[in-house]
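Let's have the full structure, built from the sequences with the hints guiding it.
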Amino acid sequence: MTPVEILASLFPSGHSVSAEGDLLFGQGTLPGGTVVHVVGATARAPIGIDQAIRLSGAVLEIARSDDATPILFLVDSASQRMSRRDELLGLSEYLAHLAKSLLVAEARGHRTIGLLYGGSAAGAFIATALACGTLVALPGAHPEVMDLASMARVTKLPIDVLEAKAKTTPVFAPGLDNLVSVGGIAAVWNADESLADQLQALLARPRDGDDRAALGEKRGGRPKSARIAGEVAAAAQA
Amino acid sequence: MEILHFDIAAPTPAGGTRAMALVGVVASGNLEVLVERSDTPDRCAIEISTAAHGFRDLWDAVVADFVGRRAAGGLRIAINDGGARPDTVSLRLAQGVRMIEEPEA
Amino acid sequence: MRQWNTRKALREERIAAGAGFATGKLVHPETLVDFLEAVLRAGDRVCLEGDNQKQADVLAKGLAAMDPARIHDLHMVQSGVVLPEHLDVFDSGIAKRLDFSYSGPQSARIAKMLFGGKIELGAIHTYLELFARYFVDLTPQVALIAAVSADRHGNLYTGPNTEDTPTVVEATSFGSGLVIAQVGEIVDTLPRVDIPGDQVHFVLDAGKPFYVEPLFTRDPAAMTETQILTAMLAIKGLYQPYGVRRLNHGIGFNTAAIELLLPTYGEKLGLKGKICTHWALNPHPTLIPAIEAGWVEQVHCFGSEVGMEDYLAARPDIFFTGPDGSLRSNRAFSQTAGLYACDMFIGSTLQIDLAGHSSTITANRIAGFGGAPNMGSDARGRRHPSAPWLQAGAEADPDTAAPLRRGRKLVVQIGETFGEGNAPLFVEKLGALELAEKLNLDLAPIMVYADDTTHIVTEEGIANLLLCRTADEREQAIRGVAGFTEIGRGRDKAMVERLRERKIIQRPEDLGIDPLDANRNMLAARSIKDLMLASGGLYRPPSRFRNW
Amino acid sequence: MSDIRQSWYEAGARERIAALVDSGSFAEFVGPERRETSPHLGIFDLPAQFDDGIVVGSATLDGTPILVAAQEGRFMGGAFGEVHGAKLTGLLRAAKALGRDVVIAFDTGGVRLQEANAGEIAIAEIMRAVVEARIAGVRVVGLIGGRAGCYGGGGLIAGCCSTLIVSEQGRISVTGPEVIETNMGVEEFDSRDRALVWRTMGGKHRTLIGGADVFVDDDAAAFRDAARAALAQSARPLSVRSAYPHSFALSEVEGLGSIDGASTSLSTNGGGSIDGASTSLSTNGGGSIGGASTSLSTNGGGSIDGASTAPSTNGSGERPGLDLDTLAAEQARLERRIARFGDAADATDIWQALGIDDPKAVPDMPATAFATLAAQYRESADDAR
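Chains as they are written, first to last, in the numbering used here: chain G, 1301 to 1538; chain R, 8 to 112; chain X, 423 to 970; chain A, 5 to 389.
Careful: at least some of the hints might be erroneous.
Said to hold, decoys possible - Computed, partial: chain R to chain X, Cβ under 8 Å:
1. Ala68
2. Arg77
3. Arg92
4. Gln102
Unchecked claim - Below, simulated DSSO-like cross-link-like pairs (lysine-lysine); rule was C-alpha separation at most 30 Å, straight line:
5. X:Lys925 with X:Lys915
6. A:Lys100 with X:Lys630
7. X:Lys915 with X:Lys851
8. G:Lys1518 with A:Lys100
9. G:Lys1456 with X:Lys534
10. X:Lys851 with X:Lys925
11. X:Lys630 with X:Lys694
12. X:Lys694 with X:Lys925
To be verified - Simulated restraints on C-beta separations:
13. G:Ala1345 with A:Ala336: 49 to 59 Å
14. X:Val609 with G:Ala1345: 11 to 21 Å
15. X:Asn943 with A:Pro370: 57 to 67 Å
16. X:Arg922 with A:Ala31: 40 to 50 Å
No lab work stands behind these hints, which were simulated from the structure alone.
Here a beta-carbon is modelled for each residue, glycine too, at the ideal position from N, C-alpha and C.
So, in structure tokens, the structure goes:
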């Protein structure tokens, strides 16, 4: 789906979301009357310091208000922008700041929902979609942490060997199913049904902590994470 | 991974009271050696996990030399090998014994 | 009537042919290839200057770009086969025959070309030996050399990297050959004159400095505990008992570790002033802490080292420097110093056999020798006594009356029992022998012959071959320090123990060294940055060695 | 050889923890004897490590209980895999529950390729856990000076910490030099030009632009001192924390905080740095300056005056939990950075713009001299992090 289609399905009565370069800002009202803030990173564009600071600025502005309006983050990005300038100026701080903005907004009562409808990768994925309280995806989304070609270079394994290994485990290869298996994506929405309904249903369920490791365990993609984290936390509090 | 097991007579029992010692790191040309206590003071059990296949003879020689030189009795040793040279293996084994024999803080 | 000046006449012809591409002595850079084709003749004996460090790289490129239909079958007589162009000329047929010393970075390709018959090999020499032949039967007809700068008369400034240049020019120019120099710039006044202009016939302004390889920089951060252990063994088991003051070190990590242990471990042993005071050595950055701590009285250098220039200029009491302040290195003289005036050579190798022969040549790599066979050999012409030389001589030959007994240079091979890629240091049969068989050579390319080798140091201990009286003892002494290699595991354990009682083999514990004490905190510098700081900021390491 | 400086860069994870905390106080959680190794490396026939490359546990620092984690940069480049990440997540969740400060010694290339998806989610979980702990008033101090640097997701986690302590060797970045070169070409970034790598990503540059708070020499004792100073400012009584479980209004705790901060820093700095501490208290109420002066004074004297003149954006001697004001200040700080330096082609241009006379000399400066220079010219992050 395109952002236009997504927004139309989410906000049938209209919205004020507009593009600023490859970024989106604005808001819409769900059929039930709930106002939702929208930010977005679109068009498979890389996220550099200039994009990150603009996005965090918008999120912090929303977070200031005490009205607990949800924030919907539409994501179709590349990885973080790979350039000398971005690293020179401290891209890690900008991406971390964006993630912190989303997390603090959430702590102040704003639900944060990531909607991954295209690609996203590496640091950009972490600072946007994965920093939301709930991450859902649309069919056809194609997140990747590392592409197989790069992985082949580093592991010195041929791509076909990697592809064969990828069939036995979701833990390293790109793709929506794999990210669902490790618990990174809570649910894949149905593109043929009203996105507004699906978002309203999601917002109606209270969010209860970070359940990604539990999901990863249940779905078989991350067999040890939930248990190990639990054991360490218990040992520290013993 | 190739897994090798050795369980051999060790004339000198290890001293000290520490339950465990860990030396080294799994990196190229390096290895980690985890030393723990067993309840057989006259034997030393060693388990090696290595990606370099086909060097059992060499490990045999290194392990025999180690048990002959160091107080290895009553120890249970687990090794994760990153392709270390025999001299590095010897050094880490010796460091492991020294560490488990150190007085507890 | 015989003409007695045909060589000079030929040189005049070459100069006249080259003049069309030059203004005075200055070659027009854009016509370099035409110029070279004009002054060279097919079959010429050519010295293209380049050793393990500096390279006449622009002239090498020009040479490789010539038309092999015009200039072919050259006989290259050069110290180093280092740049790709050095071998390209053989691929294209411009050159045919090769006499050389060193081929580090090209060792795999040169092996392939030798096996493929692309190169007609004269011999692999040690530096001093090849220099000697420049004056006897390998005198170049054309020399292509490199300098820092020239003036309009062709006087050359070679800077700290003088190295082979005076030797090459001496042989070529006074042997009626043609000398062509590439320089980084043309100046009105040189800082100092290293080569007089009347020995130089053409000068090419390359517009940039010649290429130099920082070959002698060993990063202390990469030094292992095992290398430190071998260094401790060498200091306590050899330097101290023999009182070695005049020496040369190889370029490996083990000897670099020795340099870094002098101000710490050496100091603790009370050896300052008693060992390692006079050197024939490239300016190793790892020697900086020892120099700064007052251990070193004098160093003569074969060449310079990238980044060390300002440091060397600031320490003229230690290094040989010109009126301009910069280092004057000279490979031929320093090699002579290493042969005659040093009591010890210690270096690493790739393979040692059961007799004690060593070689850096393996089946697929021909790295050449450089200076090691010269430094690592006993000078039969030596006549001056020194304590280590006499002591080693007495150990080797206790029966001859002292006034008639030759001393012995200490020639020490130091290394770990397993080297890079877990390749064993000790082998039944040297790769050099296999190579000699494959190429039908009269001589296997041995780096240090068994009868020159006096000691072998590994992490397992020191073998003193001077004290061995039979071939069998010698073999077991070598097996006795060969660790877990097949050679080591094949030892006669009882005999090795007997050799240990006679101190032919000394283990770390025999020397009061606990291998577990060998750790990186003992190094006087643990990083390149430490070396830079120890030099007071005078040492400026190349970017590739930095982590700041 | 106890008088020899222990290099932080060279030390392993366990040595770093030993150097950092009170002797004998460290208790490890899910240690190597448990053999909780990566369930995924075997797929690639790669050897596992018993602790999966991270050590986590509790300890005391000058008697104060802390939680501590150290990554082992030599095992798989310190990269985050499933188990590795889960240990840190668990530790941070405990920190929030206990209200106990955390010290993390980073040494990582980012996500572990062989378990990339698990590692990526682990980083997201860790960042959330850091932020939630900080919101609850816990201080999370990051130490960066290892071989692997702090790259990829590690850089993002570091960006969530309350204080970063860095040495010259420490690199903080998202994309590594080799990856930039591979993807964008050698013209964009020559990864073999190590001087370029360090002046773009290294500890000195990060200190100068405010990407790190405290600069220390490559010395384990200096890291310990700096960590101690950073933690000494966070002694917010637990009662205050629980009274305001989420976002503090700054004014409500300001007074209490600064009194608390003053007494703490005076009592722990001791000796020669009291002057520095009292100076900074009088000019800006402590804040991160107290930490800076302590670490500077361990590197040799003469730098305290410089430190005390550094600007502060927060008048409070106490750092509240992470809240909107903190992030608003950080937003302004990061926007200002782009406005000031966005057109710089090289780090040296930025350093020049900061007012440093001879920017080319910065990389070679010894730690003490650099710390003095940095105290005068750096863009301080202060509390805007």
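Verification of the hints:
no.: 1; hint: Ala68; result: 5 Å, holds
no.: 2; hint: Arg77; result: 10 Å, violated
no.: 3; hint: Arg92; result: 4 Å, holds
no.: 4; hint: Gln102; result: 6 Å, holds
no.: 5; hint: X:Lys925 with X:Lys915; result: 15 Å, holds
no.: 6; hint: A:Lys100 with X:Lys630; result: 61 Å, violated
no.: 7; hint: X:Lys915 with X:Lys851; result: 22 Å, holds
no.: 8; hint: G:Lys1518 with A:Lys100; result: 26 Å, holds
no.: 9; hint: G:Lys1456 with X:Lys534; result: 26 Å, holds
no.: 10; hint: X:Lys851 with X:Lys925; result: 27 Å, holds
no.: 11; hint: X:Lys630 with X:Lys694; result: 43 Å, violated
no.: 12; hint: X:Lys694 with X:Lys925; result: 25 Å, holds
no.: 13; hint: G:Ala1345 with A:Ala336: 49 to 59 Å; result: 25 Å, violated
no.: 14; hint: X:Val609 with G:Ala1345: 11 to 21 Å; result: 54 Å, violated
no.: 15; hint: X:Asn943 with A:Pro370: 57 to 67 Å; result: 20 Å, violated
no.: 16; hint: X:Arg922 with A:Ala31: 40 to 50 Å; result: 46 Å, holds
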